[in-house]
Amino acid sequence: MKEIITEIGAKVEAAFAAAGYDAKYGKVTASNRPDLCDYQCNGALQAAKAYGKKPIDIAGEIAGLLGGAQADTGTPGSAAVLDGASTGLDDAAADVDGTGAGEFLSTGGGVGCGAHIFSEAVAVMPGFINLKLDPVFLADYCNRMKSEPKCGLEETAAPKTIIVDYGGANVAKPLHVGHLRSAVIGEAIKRLGAFLGNHMIGDIHMGDWGLQMGLIIEELRERQPGLEVFRDDEAKIGKFLEELASRESSAQADPSVGASCGGSGEEGSSVGASLGDSGGEVLIGIATADDGPAPFTISELEDIYPAASARSKEDAAFRERAQQATFLLQQGYPPYRQIWRHIMGVSLPDLHKNYDRLDVHFELWKGESDAQPYIPGLIKMLRDKGVAYESQGALVVDIAQPGDAKELPPCIVQKSDGAALYATSDLGTIVERERDIHPDAYIYLTDKRQELHFTQVFRVAKKAGIVGQDVPMRFLGFGTMNGKDNKPFKTRDGGVMRLEDLIGSIDEAVYARMTENENKALSPDEARETAKIVGMAALKYGDLSNQATKDYIFDIDKFSSLEGNTGPYILYTMVRIKSILKKYAADGTVATHGTSAADGTVATHGTGAADVTGETDVTGAAVVTMPTACGESAMPADGIGERVAAGFCILPAVGGAERNLALQLVKYSEAVRVAFEELAPHKVCQYIFELSNEFNRFYHDNKILTEPDEGRKRSWLALSVLTLGVLECATGVLGIEAPSQM
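Throughout the sequence shown, residue numbering follows this note's numbering, covering 147 to 888 in sequence.
It should be emphasised that the hints constitute simulated quantities derived from the structure, not laboratory data. In this text, a Cβ means the ideal position worked out from N, Cα and C, and glycines have one as well. Among the hints, erroneous ones may be present.
[To be verified] Derived BS3-like pairs (lysine-lysine); straight-line CA-CA distance at most 27 Å:
| # | residue 1 | residue 2 |
| --- | --- | --- |
| 1 | 608 | 561 |
| 2 | 594 | 306 |
| 3 | 170 | 195 |
| 4 | 594 | 512 |
[Claimed, not checked] The following label-pair restraints were derived from C-beta to C-beta distances:
| # | residue 1 | residue 2 | range |
| --- | --- | --- | --- |
| 5 | 387 | 463 | 11 to 21 Å |
| 6 | 301 | 647 | 53 to 63 Å |
| 7 | 843 | 449 | 19 to 29 Å |
| 8 | 385 | 598 | 33 to 43 Å |
| 9 | 505 | 480 | 53 to 63 Å |
Generate the whole structure from the sequences, applying the supplied hints.
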């Protein structure tokens, strides 16, 4: 279904057209003064310049055309000009003689169930048009949301294939707090895109090919010199280097070796077609059976790398040996490739485990190593096209463009000694993606300090024709997670905290809060499991609720609180709604809840809440049909035990809190779309926080289950069902799970 802002905008645009003005002036936005109106249009201010009229006169014409029917009486709504004059519907129609206003008015502005969109349209000096939604239209829109998949969210009409490059973990190292933001922000953006109907492909893009590998190899040599891979190492290395020199001579003599990755005029669709055969073996990031068992465990590996890194800073000879080992690995030296496969073999399962704990999942587990086969052809193509040139022995590409706000340095794609750099690896990765996937857009997420690097990479990719000029390549640089001292988050002894330790600490904080409340509804084991769910929500929401590009303070006490803009507060609101619905279901009235999950499938919700005990769940599958004022609805009962009034119809609001809740609900689709378009998951957080606030105000103002008017009670239950569905959809796209009890 269309976003409510679209339906409203279409009506206002039609009014401008009917009055003889360009429809483009009918753009509508949510009001920044909700005490005065729900939506507003400022188009009369712009139209006045184009048509030589006073803004207030144009606003008065449009307000007159938009006057709706009030829900309680059916009489014409307001169409006042608040400068002392009053313009009614008839006068407004007369002012636009011959423009078709009469025909426009005869439609009554009806949308769905015959309701008018506006109960009030008011022109305000100097030319604003303030709009209030008709209660019947608002209720009708909510009912349509309740009956639609994904709570009425309209998927994109033109789905795109989009690569999201996030995660950026380094193998052989444990995930630490610095990896949190990339993981949870990237996952949320990927889920948002998929929820809107796009084909999203997340790639972890691991660091598995740099100096850290050489450092590990040399440290391992020091610790286990008797390993088979190090036996007769000097002689084997000498022989390998001779073979390598011979191979390079053959490559220079044979122009087919290192073939171009796209020729002279092709765009991204043909890039990389022949590179896979010219750059060496395709690497496999797992240990093979022929390699035998790894000579180290993940715990030992996590000790080896820090020790080697620290030693390299003090021992120049050790660092030089590590650099040589890195070079040999990258050139394909078999013994070191074997060690590399062992490193990958023990690192990948550990990375999977930790990302699974975050509920972060990648479609591709590629690394820098996967780009290496494409680099020789890439370098040759850059040379052949004249895109790259030599500067002080290095190969560089100018990226400066007219209009740049500051001077941008050239991108170095090959060092003077022939070595590749991060930019080369990233370009090789893009070549591979163009060959295998040919995406419609790219999104990269890293620390914001890498912005220049990705500006260079993107511009080289476009300049060289690796990626088409019309393909969006977006970089989202995130800020730092800081401690209360406003410095990067550290352990008490000043070290970098492991991510699993951070998760454990917030789990404990949530568990402590739960036990403080002496929650008798949960056993100790249930409390522990619930604390894990709520703790993860606290951690993720605490990060995602902050604008990604800004630094933020990590505060366990604040993030684990049940009050304020926190994950536990959102979850508590959801559990509160489940409790209401379960209590209602306990009287034997059976209806099922079929709101939509993040993947668009019909999802049902778990049962129970902290203050509900001793109830028997419904079991078995059934189809329940319930006649309502809006027709009949048939939905499968899933046997989980939650029996709620999904078939009830939402009635026009009679109270302020009820109306405000409905007004917040109808903004849901726009909030999700804008969050994805702007790569801003914090906007979803802000939306669900405001929605939770509105529901809790509604809950406190209305005794839902003891309301004597059965029709109004059912309407409030239906409104609660929709609120829960929207909250579950929105938290789902953020990668946040909700417990059944708290």
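Report task. Could you check the hint for me, namely that residue 385 and residue 598 are 33 to 43 Å apart, CB to CB? Result -> Once the Cβ atoms are compared, 42 Å apart, the range 33 to 43 Å for residue 598 and residue 385 holds.
Requested in this report: For the pair we were handed, residue 594 and residue 512, check the Cα-Cα distance against 27 Å.
Outcome: 22 Å, holds
Query raised in the report: Taking the beta carbons of residue 505 and residue 480, is their distance inside 53 to 63 Å?
Result: 39 Å, violated
**Report entry** Whether the CB-CB distance between residue 301 and residue 647 falls inside 53 to 63 Å
**Finding:** For residue 301 and residue 647 the Cβ distance comes to about 40 Å; the hint is violated.
Report task. Starting from residue 594, check that the Cα of residue 306 is at most 27 Å away, please. Result -> 26 Å, holds
Report task. For the range 19 to 29 Å, tell me whether the beta carbons of residue 843 and residue 449 fit it or not. Result -> At roughly 54 Å between Cβ atoms, residue 449 and residue 843 fall outside 19 to 29 Å, so the hint is violated.
Query raised in the report: Can the suggested window of 11 to 21 Å be confirmed for the beta-carbon pair residue 387 and residue 463?
Result: 20 Å, holds
Report task. For the pair we were handed, residue 170 and residue 195, check the Cα-Cα distance against 27 Å. Result -> Holds. Residue 170 to residue 195 sits at ~14 Å (cutoff 27 Å).
Query raised in the report: Quick one, are residue 608 and residue 561 close enough, alpha carbons at most 27 Å?
Result: 21 Å, holds
In this structure, the earlier hints numbered 6, 7, 9 are contradicted, and the remaining ones agree with it.
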